[in-house]
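Protein chains: 2
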Amino acid sequence: MKDQNISRKALVANRQSLMRTFIRPENTAARDTLVKYMEQILFGLHDFLNTHVGITEELSLKELSERYKNTLISENPEKMLADVITDLIEEIAPHAVNVASPFFVGHMTSAIPFFMVHLKTIVAALNQNVVKLETSKVLSVIEKQVLAKIHRIIYRKEDNFYNEHVQNIQTSLGCFTENGTLANLTALWVARNSRFAPKEGFEGADKEGIYAAYKAYGIERSVIIVSQLGHFSLKKAGGILGIGNRNIIPIETDRTCRIDIKNLKEKINELRKSPVRTKIIAIVGIAGTTETGTVDPLRQIGEICVENGIHFHVDAAWGGPVLLSDKYRHLLDGIDLADSVTIDGHKQFYMPMSSGMVYFKDPCKMDSIIYHANYVNRLGSVDLGIKSLSGSREANSLILDSALKIMGSGGYALLIEHGIETAKSFAEEINSRPDFELITPPELNILTYRICPIELKRELTGSNDTQRNAINERLNEINITVQRLQRESGKSFVSRTTLKTYKEHPESIVVLRCVIMNPLTDIHILRDILDEQEEIYSSFEVRRP
Amino acid sequence: MKDQNISRKALVANRQSLMRTFIRPENTAARDTLVKYMEQILFGLHDFLNTHVGITEELSLKELSERYKNTLISENPEKMLADVITDLIEEIAPHAVNVASPFFVGHMTSAIPFFMVHLKTIVAALNQNVVKLETSKVLSVIEKQVLAKIHRIIYRKEDNFYNEHVQNIQTSLGCFTENGTLANLTALWVARNSRFAPKEGFEGADKEGIYAAYKAYGIERSVIIVSQLGHFSLKKAGGILGIGNRNIIPIETDRTCRIDIKNLKEKINELRKSPVRTKIIAIVGIAGTTETGTVDPLRQIGEICVENGIHFHVDAAWGGPVLLSDKYRHLLDGIDLADSVTIDGHKQFYMPMSSGMVYFKDPCKMDSIIYHANYVNRLGSVDLGIKSLSGSREANSLILDSALKIMGSGGYALLIEHGIETAKSFAEEINSRPDFELITPPELNILTYRICPIELKRELTGSNDTQRNAINERLNEINITVQRLQRESGKSFVSRTTLKTYKEHPESIVVLRCVIMNPLTDIHILRDILDEQEEIYSSFEVRRP
Numbered sequence: 001m002k003d004q005n006i007s008r009k010a011l012v013a014n015r016q017s018l019m020r021t022f023i024r025p026e027n028t029a030a031r032d033t034l035v036k037y038m039e040q041i042l043f044g045l046h047d048f049l050n051t052h053v054g055i056t057e058e059l060s061l062k063e064l065s066e067r068y069k070n071t072l073i074s075e076n077p078e079k080m081l082a083d084v085i086t087d088l089i090e091e092i093a094p095h096a097v098n099v100a101s102p103f104f105v106g107h108m109t110s111a112i113p114f115f116m117v118h119l120k121t122i123v124a125a126l127n128q129n130v131v132k133l134e135t136s137k138v139l140s141v142i143e144k145q146v147l148a149k150i151h152r153i154i155y156r157k158e159d160n161f162y163n164e165h166v167q168n169i170q171t172s173l174g175c176f177t178e179n180g181t182l183a184n185l186t187a188l189w190v191a192r193n194s195r196f197a198p199k200e201g202f203e204g205a206d207k208e209g210i211y212a213a214y215k216a217y218g219i220e221r222s223v224i225i226v227s228q229l230g231h232f233s234l235k236k237a238g239g240i241l242g243i244g245n246r247n248i249i250p251i252e253t254d255r256t257c258r259i260d261i262k263n264l265k266e267k268i269n270e271l272r273k274s275p276v277r278t279k280i281i282a283i284v285g286i287a288g289t290t291e292t293g294t295v296d297p298l299r300q301i302g303e304i305c306v307e308n309g310i311h312f313h314v315d316a317a318w319g320g321p322v323l324l325s326d327k328y329r330h331l332l333d334g335i336d337l338a339d340s341v342t343i344d345g346h347k348q349f350y351m352p353m354s355s356g357m358v359y360f361k362d363p364c365k366m367d368s369i370i371y372h373a374n375y376v377n378r379l380g381s382v383d384l385g386i387k388s389l390s391g392s393r394e395a396n397s398l399i400l401d402s403a404l405k406i407m408g409s410g411g412y413a414l415l416i417e418h419g420i421e422t423a424k425s426f427a428e429e430i431n432s433r434p435d436f437e438l439i440t441p442p443e444l445n446i447l448t449y450r451i452c453p454i455e456l457k458r459e460l461t462g463s464n465d466t467q468r469n470a471i472n473e474r475l476n477e478i479n480i481t482v483q484r485l486q487r488e489s490g491k492s493f494v495s496r497t498t499l500k501t502y503k504e505h506p507e508s509i510v511v512l513r514c515v516i517m518n519p520l521t522d523i524h525i526l527r528d529i530l531d532e533q534e535e536i537y538s539s540f541e542v543r544r545p
Numbered sequence: 001m002k003d004q005n006i007s008r009k010a011l012v013a014n015r016q017s018l019m020r021t022f023i024r025p026e027n028t029a030a031r032d033t034l035v036k037y038m039e040q041i042l043f044g045l046h047d048f049l050n051t052h053v054g055i056t057e058e059l060s061l062k063e064l065s066e067r068y069k070n071t072l073i074s075e076n077p078e079k080m081l082a083d084v085i086t087d088l089i090e091e092i093a094p095h096a097v098n099v100a101s102p103f104f105v106g107h108m109t110s111a112i113p114f115f116m117v118h119l120k121t122i123v124a125a126l127n128q129n130v131v132k133l134e135t136s137k138v139l140s141v142i143e144k145q146v147l148a149k150i151h152r153i154i155y156r157k158e159d160n161f162y163n164e165h166v167q168n169i170q171t172s173l174g175c176f177t178e179n180g181t182l183a184n185l186t187a188l189w190v191a192r193n194s195r196f197a198p199k200e201g202f203e204g205a206d207k208e209g210i211y212a213a214y215k216a217y218g219i220e221r222s223v224i225i226v227s228q229l230g231h232f233s234l235k236k237a238g239g240i241l242g243i244g245n246r247n248i249i250p251i252e253t254d255r256t257c258r259i260d261i262k263n264l265k266e267k268i269n270e271l272r273k274s275p276v277r278t279k280i281i282a283i284v285g286i287a288g289t290t291e292t293g294t295v296d297p298l299r300q301i302g303e304i305c306v307e308n309g310i311h312f313h314v315d316a317a318w319g320g321p322v323l324l325s326d327k328y329r330h331l332l333d334g335i336d337l338a339d340s341v342t343i344d345g346h347k348q349f350y351m352p353m354s355s356g357m358v359y360f361k362d363p364c365k366m367d368s369i370i371y372h373a374n375y376v377n378r379l380g381s382v383d384l385g386i387k388s389l390s391g392s393r394e395a396n397s398l399i400l401d402s403a404l405k406i407m408g409s410g411g412y413a414l415l416i417e418h419g420i421e422t423a424k425s426f427a428e429e430i431n432s433r434p435d436f437e438l439i440t441p442p443e444l445n446i447l448t449y450r451i452c453p454i455e456l457k458r459e460l461t462g463s464n465d466t467q468r469n470a471i472n473e474r475l476n477e478i479n480i481t482v483q484r485l486q487r488e489s490g491k492s493f494v495s496r497t498t499l500k501t502y503k504e505h506p507e508s509i510v511v512l513r514c515v516i517m518n519p520l521t522d523i524h525i526l527r528d529i530l531d532e533q534e535e536i537y538s539s540f541e542v543r544r545p
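Sequence lines, in order, name chains A and B. Using the numbering used here, the first residue of the first sequence is number 1, and each one after it goes up by one. Using the numbering used here, the first residue of the second sequence is number 1, and each one after it goes up by one.
Treat the hints with caution; some may be incorrect.
Which copy? The list can't say, so a pair holds if one copy fits it or any two copies do.
[Claimed, not checked] Subject to a maximum C-alpha distance of 25 Å in a straight line, what follows is the list of computed DSS-like cross-link-like pairs (lysine-lysine): (1) Lys405 to Lys327; (2) Lys69 to Lys405; (3) Lys279 to Lys207; (4) Lys207 to Lys267; (5) Lys405 to Lys36; (6) Lys207 to Lys500; (7) Lys279 to Lys262; (8) Lys157 to Lys262; (9) Lys79 to Lys69; (10) Lys207 to Lys405; (11) Lys215 to Lys279; (12) Lys157 to Lys500; (13) Lys207 to Lys273; (14) Lys79 to Lys327; (15) Lys215 to Lys273; (16) Lys215 to Lys199; (17) Lys405 to Lys62; (18) Lys327 to Lys424; (19) Lys69 to Lys361; (20) Lys491 to Lys62; (21) Lys267 to Lys36; (22) Lys273 to Lys262.
Quick caveat, the hints were computed from the structure, so don't treat them as lab data.
Full structure from sequences and hints, please.
Laid out in structure tokens, this is it:
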């Protein structure tokens with residue numbers, strides 16, 4: 001104890017001890033502790049997560065919050081390094097969420113291959129900043145190469161095209177971002193600037209702003225169109241970009257949760273004839289909606305965009321990596337018509353949180369968002385920060401580059417195919433159980449369903465509107481309760497959402513949502529999850545008065 | 001060789017082998033390779049970087065690019081895992097930049113304490129997504145706590161205030177972002193929405209857009225004011241937010257590189273009287289400019305903002321952590337007047353690339369950027385993604401939280417003080433050398449200077465405008481050349497930039513820029529850097545015809 005106190009004082013008292021903390025563990029005991037945990041994490045990741053993470057009983061948010069209320073920063077170190085790390089693993093991690101569990105099928109965050117943690121460690125150690133060449137060098141070059149590799153699986157252009165652009169310092173095939181939200185924002189920022197490009201007497205929307213742009217183009221409103229299942233980041237982008245989020249126009253989907261092309265065409269015509277003079281900045285197609293995993297008819301949307309001279313953006317944050325599967329690539333047919341495409345790295349590329357990407361068909365498209373400064377990002381250099389929403393950025397492209405080499409496109413294809421095919425089996429299982437109702441069958445690897453006990457199912461048949469509403473309200477309550485109780489019991493997690501106007505359900509209904517991306521999640525586990533839901537439902541139904 | 005081929009095929013051919021790659025190294029040899037590198041990185045970080053990174057002779061960008069031109073993704077794994085990692089360490093890292101070298105003083109990217117890499121590894125392993133509680137749980141709670149801790153060193157409010165807000169699910173003291181650019185964008189997005197808040201007949205700028213906002217508020221233009229030394233992310237934010245980047249109004253600085261308050265007041269008056277009806281969205285004060293490290297007179301700007309009802313944003317991306325030093329906190333006097341503050345994590349908090357933060361004095365200020373969705377971020381929950389520019393985000397707050405515990409504010413203070421005091425000694429050294437000219441003395445830990453041989457210094461004295469321009473052009477050439485040759489020789493790196501209208505230099509001049517943040521950088525190293533510059537200059541001066 002005395003020793004520890006001395007060390008603590010020494011740590012802040014002089015440069016020498018600070019240097020020690022900066023450079024290596026303070027003593028052998030500290031080193032041993034770190035070695036122990038690092039070995040567990042790096043070479044037994046999944047066991048480590050199962051034994052350390054999310055293993056506590058459900059603690060209410062209120063109880064948890066009570067533990068983290070101290071807002072003072074201690075002047076002296078609170079604890080020795082080894083103690084801080086031990087606390088982190090033994091006291092904090094148990095209250096995190098084991099998203100790597102094969103029973104955790106509620107969100108798009110899942111298990112990652114163990115080597116991804118090694119790669120992230122290397123990236124952190126190198127600590128490069130790809131905002132400019134002088135702080136990243138080869139990593140900027142590699143980012144351009146990886147962007148070209150993924151661009152190629154989207155657009156499938158000729159060798160010549162890629163040879164010309166892969167390392168071209170004047171052009172950009174895309175950009176790494178931190179997530180899909182920032183990728184979508186980047187794409188729509190580019191689309192907005194292209195729509196309100198400089199022309200005589202006007203220097204462009206980015207320079208002059210939206211008000212001047214509307215004046216110059218003689219309009220009063222601009223809009224972006226997307227299906228009602230579009231991700232909320234699109235609405236957010238509308239707000240940020242000064243278009244107004246109410247001008248992100250939702251189009252009703254058809255019975256398969258895809259944008260209804262007839263509705264889309266009608267909306268375009270309606271906007272054309274609007275007394276408020278309006279320009280359409282972009283139409284967004286979704287390749288894997290967040291809620292249902294469905295893919296819009298990309299080719300049809302793309303053709304409408306070409307015909308009407310509208311920017312076509314595809315939000316493939318979820319579905320993009322399906323392009324690596326020969327077997328299922330056709331599900332994204334038409335994506336090559338997109339002017340821009342969003343793909344997330346931390347979703348189906350199985351990269352650690354967080355990484356996104358945005359791609360552009362035209363290698364000069366990003367010229368409309370060039371920003372530079374004297375001390376960084378000199379024009380005409382390869383500095384990646386010249387055309388990028390973000391400033392400083394870590395070299396995440398190295399992780400994707402290495403993963404593609406380690407697994408090959410074939411390895412990724414296996415992961416993708418496992419998800420799609422397991423989801424199909426799961427849908428069959430749901431259909432085979434009388435007390436469940438499949439709501440949206442999986443097109444990729446996401447499906448929604450609900451608990452709908454056979455007696456209520458019967459009552460629904462032939463009920464009038466009022467009756468149906470009452471039954472659905474009761475079903476909503478049941479599904480909300482079962483989902484919550486299952487989450488709280490700590491073994492399994494499915495998420496829930498509310499879907500509008502689907503099939504025979506013209507009103508909003510609460511559904512359970514499963515995302516099958518963990519290769520360890522198989523049909524047996526999914527059956528267990530349904531079994532548990534049945535049990536939970538039975539147990540509280542029994543208690544009903 | 002045969003074995004390897006079999007393994008490769010097996011890897012993509014079946015689920016079993018994929019699972020192996022997913023879960024652990026493919027064989028003992030692979031494990032041994034990974035163990036070797038991970039041990040070097042995690043327990044000998046600085047030695048590892050010195051022996052592996054940036055150790056090659058300068059390779060031209062052209063040569064480097066030639067090596068990374070293949071744009072095809074192999075279907076089968078290109079190499080075994082261990083080979084990919086070996087290539088990464090032995091072939092790629094040598095061409096990265098050793099930003100951790102104490103001789104690398106050109107940019108704001110530097111050495112980080114070795115334990116930061118451990119923390120990043122743990123964060124990657126946990127793979128939490130703080131966009132919502134269901135994928136992060138305790139990490140969302142910790143983020144709120146860390147935000148309150150840093151808020152407290154900025155605003156120094158009472159215990160009651162922090163007790164009320166630290167874990168309040170309705171209010172937000174700030175948000176982690178990925179970098180200062182996104183933090184500045186978030187702050188100005190909030191400022192814009194507050195300036196064009198909902199009122200009768202108008203639902204706010206975020207919902208209705210900039211054009212409707214200007215109509216509702218009876219204006220034609222809105223602006224943001226900042227000194228001419230403002231970071232280029234502010235201009236970018238102006239473009240993105242639909243204000244127009246030409247409406248980011250630069251104010252000339254005084255002779256100490258701080259915003260000139262007289263100029264600022266005049267500009268406000270001028271804008272008030274402008275025939276184009278204009279609103280000022282925000283005034284930005286800089287706490288540590290990127291080029292010179294100087295701090296604007298924050299209190300004076302803050303008082304002007306209060307008086308005029310204007311949002312006061314402080315860009316303390318660089319200087320924020322100076323608040324942890326009792327000795328130098330006074331340099332940021334007045335920062336508590338700021339409505340919002342940007343601080344970077346990967347700069348003077350010594351976190352790995354990349355992390356930023358934005359803080360708000362008013363815990364309800366971020367309400368103007370609320371976005372939510374049914375499947376994620378339910379209103380009234382603690383889901384951090386409700387008020388955030390980004391969507392998915394890694395749990396970087398855990399790194400800062402742990403680092404504060406490991407080093408204490410006192411440890412950070414030592415780092416900050418070392419930088420400021422070493423920069424002061426360096427300035428004295430430059431002043432003492434006849435062939436150098438100190439251009440901007442360090443206020444924090446950044447300074448600029450140039451090579452200015454004694455004979456040219458004499459010529460400058462008493463020269464007329466034309467003569468001065470000619471001499472300065474020659475000096476610019478000299479400094480550009482020396483900086484480049486020094487970088488290419490591979491030992492030391494200072495950056496260069498162009499400064500306008502500084503002191504007796506009314507024209508733009510090229511300066512060398514040093515950022516002293518690496519605790520291993522001391523005055524001896526800085527003298528070596530000057531010696532090398534003198535040598536380089538002498539050697540090419542000798543060769544001049």
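These are the hints, each one checked on the structure:
1. Taking CA atoms no more than 25 Å apart as the test, Lys405 paired with Lys327 passes inside one copy only; the shortest distance there is 21 Å, against 51 Å between copies.
2. Only between protomers do Lys69 and Lys405 lie at most 25 Å apart by alpha-carbon distance; the minimum there is 15 Å, versus 45 Å within a single protomer.
3. Taking identical chains as interchangeable, the C-alpha atoms of Lys279 and Lys207 lie at most 25 Å apart whether they share a chain (19 Å) or sit on different chains (17 Å).
4. Proximity of Lys207 and Lys267 under a CA criterion of 25 Å is satisfied inter-copy only: 20 Å between copies versus 30 Å inside one chain copy.
5. Proximity of Lys405 to Lys36 under the C-alpha cut-off of 25 Å is restricted to the inter-copy arrangement: shortest distance 21 Å between copies versus 29 Å within a copy.
6. Taking the shortest Cα distances, Lys207 and Lys500 sit within 25 Å of each other only across copies (22 Å), while inside one copy they are farther apart (40 Å).
7. Taking the shortest Cα distances, Lys279 and Lys262 sit within 25 Å of each other inside one copy (20 Å), while across copies they are farther apart (43 Å).
8. When the C-alpha separation of Lys157 and Lys262 is checked against a cutoff of 25 Å, the pair qualifies neither within a copy, at 31 Å, nor between copies, at 57 Å.
9. In the homo-oligomer, the alpha carbons of Lys79 and Lys69 lie at most 25 Å apart inside one protomer (18 Å), although the nearest pairing across protomers, at 49 Å, exceeds that limit.
10. Taking the closest pair of Cα atoms, Lys207 and Lys405 never come within 25 Å of each other, the shortest separation being 42 Å inside a single copy and 45 Å across copies.
11. When the C-alpha separation of Lys215 and Lys279 is checked against a cutoff of 25 Å, the pair qualifies both within a copy, at 12 Å, and between copies, at 18 Å.
12. When the C-alpha separation of Lys157 and Lys500 is checked against a cutoff of 25 Å, the pair qualifies neither within a copy, at 39 Å, nor between copies, at 45 Å.
13. In this assembly of identical chains, Lys207 and Lys273 lie within 25 Å of each other by CA distance solely across copies; the values are 23 Å between and 29 Å within a copy.
14. Taking the closest pair of Cα atoms, Lys79 and Lys327 come within 25 Å of each other only across two copies (24 Å); inside a single copy the shortest separation is 54 Å, beyond that limit.
15. In this assembly of identical chains, the alpha carbons of Lys215 and Lys273 lie at most 25 Å apart whether taken from the same copy (19 Å) or from different copies (23 Å).
16. Taking the shortest Cα distances, Lys215 and Lys199 sit within 25 Å of each other both inside one copy (12 Å) and across copies (24 Å).
17. Proximity of Lys405 to Lys62 under the C-alpha cut-off of 25 Å is restricted to the inter-copy arrangement: shortest distance 24 Å between copies versus 45 Å within a copy.
18. In this assembly of identical chains, Lys327 and Lys424 lie within 25 Å of each other by CA distance solely inside one copy; the values are 15 Å within and 64 Å between copies.
19. Proximity of Lys69 to Lys361 under the C-alpha cut-off of 25 Å is restricted to the inter-copy arrangement: shortest distance 19 Å between copies versus 49 Å within a copy.
20. In this assembly of identical chains, the alpha carbons of Lys491 and Lys62 lie at most 25 Å apart only when taken from the same copy (21 Å versus 54 Å across copies).
21. Neither within a single protomer nor between protomers do Lys267 and Lys36 lie at most 25 Å apart by alpha-carbon distance, with minima of 61 Å and 61 Å respectively.
22. For the homomeric pair Lys273 and Lys262, the shortest alpha-carbon distance inside one copy (17 Å) is at most 25 Å, but the shortest distance between copies (52 Å) is not.
Going down the numbered hints, you'll see the structure goes against 8, 10, 12, 21, while the others check out.
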